[in-house]
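So the protein sequences, as listed, match chains P and C.
If you read the first sequence in the working numbering, its first letter stands for residue 1, the second for the next number, and so on.
If you read the second sequence in the working numbering, its first letter stands for residue 1, the second for the next number, and so on.
Calculated directly from the structure, the hints in this document are not laboratory data.
Glycine is no exception: its CB is placed at the ideal position from the N, C-alpha and C atoms.
There may be inaccurate statements among the hints.
What the hints assert, rightly or not - Selected chain P positions facing chain C (in silico; Cβ < 10 angstroms):
hint, residue
1, Gly129
2, Gly254
3, Asn297
4, Asp545
5, Ser549
6, Ile560
7, Ala564
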Amino acid sequence: MNRYPLWKYVLIGIVMLFGALYSTPNLFNVDPSLQVSSSRGLDIDINLADRVSNILRQENISAKSVSSDESKVLVTFADGKTQEQAQVVLEDTLDTRQNTVALTSTADVPGFFRAIKAAPMVLGLDLRGGVHFLMEVDMATAERQQQDSIVDDFRTILRDERIRYQSVVANGKTITAVLRNADDLAEALNAIRQQNQDLSINTENRGTDGVIRAEITDQMIQTLRQTAMQQNLTTLRNRINQTGVAEPSIQQQGEDRIVIQLPGVDNPDEIKERINATATLEYRAVDMENDAVAAANSGRIPPTSRLYYQRDGSPVLLQKRLIVSGKQLIGASAGFDQQNGSPMVRVTLDGSGANRMFDFTRENVNKLMAVVYIEDRYDPDAERFRKHEEVISVANILEPFGKTFQTTGLESFQEASNLALFLRAGALAAPMRIIEERTVGPSLGQDNIDRGFRSVMIGFVLVLIFMALYYRVFGLIANVALFLNLVLLVAALSMFGATLTLPGIAGIVLTVGMAVDANVLIFERIREELRNGNSPQNSIRAGYDKALSTIADANITTLIAALALLVFGSGPIRGFAVTLSIGIVTSMFTAIMVTRALVNWIYGRKAKLKALAI
Amino acid sequence: MELFHKQTTIDFMGKRRLALIMSLILLAIGVASLVTRGLNFGLDFTGGTLIEVSYAEAPVLSEVRQALADAGFDDAVVQTFGAETDIVVRLAPRNAEESADKLSTDVTNALRQNSSSEVTLRRQEFVGPQIGRELAEKGSLAMLVVLLGILAYVSMRFQWRFSLGAVAALVHDVLITFGVIAITQISFDLTVVAALLAMIGYSLNDTIVVFDRIRENFRSLRKVDSEQVINTSVNQTLSRTLMTSGTTLLVLAALFYFGGEIIHAFAFTLIIGVLVGTYSSIYIASTAALSLGVSREDLLEQKVQKEGANLDPLV
Chain P
1 MNRYPLWKYV LIGIVMLFGA LYSTPNLFNV DPSLQVSSSR GLDIDINLAD
51 RVSNILRQEN ISAKSVSSDE SKVLVTFADG KTQEQAQVVL EDTLDTRQNT
101 VALTSTADVP GFFRAIKAAP MVLGLDLRGG VHFLMEVDMA TAERQQQDSI
151 VDDFRTILRD ERIRYQSVVA NGKTITAVLR NADDLAEALN AIRQQNQDLS
201 INTENRGTDG VIRAEITDQM IQTLRQTAMQ QNLTTLRNRI NQTGVAEPSI
251 QQQGEDRIVI QLPGVDNPDE IKERINATAT LEYRAVDMEN DAVAAANSGR
301 IPPTSRLYYQ RDGSPVLLQK RLIVSGKQLI GASAGFDQQN GSPMVRVTLD
351 GSGANRMFDF TRENVNKLMA VVYIEDRYDP DAERFRKHEE VISVANILEP
401 FGKTFQTTGL ESFQEASNLA LFLRAGALAA PMRIIEERTV GPSLGQDNID
451 RGFRSVMIGF VLVLIFMALY YRVFGLIANV ALFLNLVLLV AALSMFGATL
501 TLPGIAGIVL TVGMAVDANV LIFERIREEL RNGNSPQNSI RAGYDKALST
551 IADANITTLI AALALLVFGS GPIRGFAVTL SIGIVTSMFT AIMVTRALVN
601 WIYGRKAKLK ALAI
Chain C
1 MELFHKQTTI DFMGKRRLAL IMSLILLAIG VASLVTRGLN FGLDFTGGTL
51 IEVSYAEAPV LSEVRQALAD AGFDDAVVQT FGAETDIVVR LAPRNAEESA
101 DKLSTDVTNA LRQNSSSEVT LRRQEFVGPQ IGRELAEKGS LAMLVVLLGI
151 LAYVSMRFQW RFSLGAVAAL VHDVLITFGV IAITQISFDL TVVAALLAMI
201 GYSLNDTIVV FDRIRENFRS LRKVDSEQVI NTSVNQTLSR TLMTSGTTLL
251 VLAALFYFGG EIIHAFAFTL IIGVLVGTYS SIYIASTAAL SLGVSREDLL
301 EQKVQKEGAN LDPLV
């Protein structure tokens, strides 16, 4: 007798219901739409939806629907052209410093599915196209940063060598260091040359002063531009990959531009902010000897300190000497503070950073330390980026700490998680700004897409026919399982927000083709048992039992491969690994449990079963 | 319907020298063509030229593609860009002497000739590859971790000789498939990478199924030498192996013949991969395990050590 307990049938029923619910949204149309939300990840103004509707009505732009929740207003349109017109109008009318308007697409699914958060898979750039950003890398800022860092470098070298100097300044590509004593020239030159072999350096005597003049060579600028570009590309890929399994296309265009294409993304503002923004942290000691308010009023800042402002606008004096900067961070994650529930970022420092932090905190217990939040913001009036620094927290050092600690003072969880992402994904070498945002059509022609879909259908149907012919009733059972596997796979991919590309579809079909394997293994075992003269009922049981360990071993090995690709691969490799991993899990469920349930249901009760249709 | 009514008794292992020679020849050809001809990298890897044109009236995209193909740009990717009248064309780099200006003139001329509406060139620029170097490096690292993971798991579940066999089969399959890609010079793009990954999963799956049967038979068949055990196992799993390869090839054949050029390279790579993968799980994986001297003792179920069993009884 082959019976399944009731609970297994119930379990299968629940899983299939779940699969049906979450795969259904893929059958609906997707509309081009716009998302309006707050630029800083805060809640939006309650009237924003009405304002948006009014603006569109005044401009005679017809929207299909306008809906909103706490964080965004979503407007859908009948076609892409209207969508773009509306974007231009909304960006002109709304204050873009407070609101961002981004292109996206929304599935036209009934409210019920939205309530259970069921959404269709995003179709990839090849199938439907997506959003295109053209970014310009601000090389001028990168060059200025290079000059500044050389100046800092010279100062440090001279200080370390105990050579007194009057000034070190950068003027364009020339860095000039004026020494107090011309006798030190040779020694200084030597020290500087040793650490800056690329610079073209010469010296001159000016009265009693010694002057060292260093030129940044064109070669150096060329290298800087190339590495800045490379690092920005890498950082962008990291940032976008961390937002999910979306399959972006990121390419360098010309000398200083980057093209990013993203398939219809869920949360375009977030993406926009993430690709565009730079943010990092610095930890500095608070200057406790001088009064910050007095210094801010009088403008007389002590030479070892700098004036900063906190988020509430109050001034604070911090020491120029840096304890630790974002570059020394090796890990960051966002969360909530356990004591007061405010958003925080938990950071991990590298070895040297941890040592410095520990030394500093040990010597400064019960003194104040400040966290400075730094981002490059684009100033549309000046047409350049400005470094924006603010102190997000000032806290008393209660006890020494080193490697890991948390930083609070962030406005929202969104800000905390963005900051954590930036710290993790690495900083941009040079700031960038979006100079063009457009929608792009699919990179494959409609005829190609149609042909692709048709071939996939043909392949699937061929397998179904073949299985039915070869294994008869058991083949039909396997076919039911195959179909259910497809439903489950689509449901799971939709829930994970996976992006579907044409190779991805082919990958799914292939998983389906390979899912047949589990059933082939079982059925061949049953046939073997029958050949060996076992009774049909025993053959079924033995067939399933014996095939199980084989199926498990084969699938677990493949799963290990898929997981390794998921963890260590990136971009398209990850997308493939996600499909493969999910496919393995769903196919084991349907090929073993579902087929057994059906076999038991059809044959299991028949005590005098003579033969099996296999 | 059955492929074989009786259990087959083909002497697979008897011909393993022949198979080994064949594999070595295939590997040599594969590696040689990989070295001499190299891969024909696609737009994803090389980058190329991006040309934006604007039409007075919205054109039919399939006609635009056709016009470009007729003019010799059959690798062009054509997309609408913002409005339906704006189009971007991306092309892989062509011969070095051809200047970017000439290229964009050629493209616009080809488009003008085939369109009644006015075509204006908006811009033309060089775009870098979509797959940066760090992506390729990360990919290679991922492959290494995959191989190590498989080595560890198969050693644990089976035995180290088997794990070496599985990895040898995998390397064999990947190298030969790469060789075929180099010989045919099909465009090596992201879809081919996906196909190679799928192939690894497939080949692995196939190998483990055969190994599983070998392990079972080592435990149940007594008084038979290793070679015979492996032969019996391969024969017992033969109909399953052919059945699974058959259904997978069926799907792939459909993709290859009806899928259009986009899926062509993907399907082709996988067809080669499935063929080689099926062959390698019989000959490479099992032969390697056999040559490394796998024996029954290696796979006997180890007695479970009871906690405290090695201690003297207290009383």
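Do the hints match the structure? See the list:
1. Gly129: With a minimum Cβ separation of about 7 angstroms from chain C (threshold 10 angstroms), the hint on glycine 129/P holds.
2. Gly254: holds (5 angstroms)
3. Asn297: At 50 angstroms from the nearest chain C Cβ, asparagine 297/P fails the 10 angstroms test, so the hint is violated.
4. Asp545: violated (12 angstroms)
5. Ser549: Holds. Min distance 7 angstroms.
6. Ile560: holds (4 angstroms)
7. Ala564: Where the cut-off is 10 angstroms and the nearest Cβ of chain C is about 4 angstroms from alanine 564/P, the hint holds.
Violated hints, in rising order: 3 and 4; the structure is consistent with all others.
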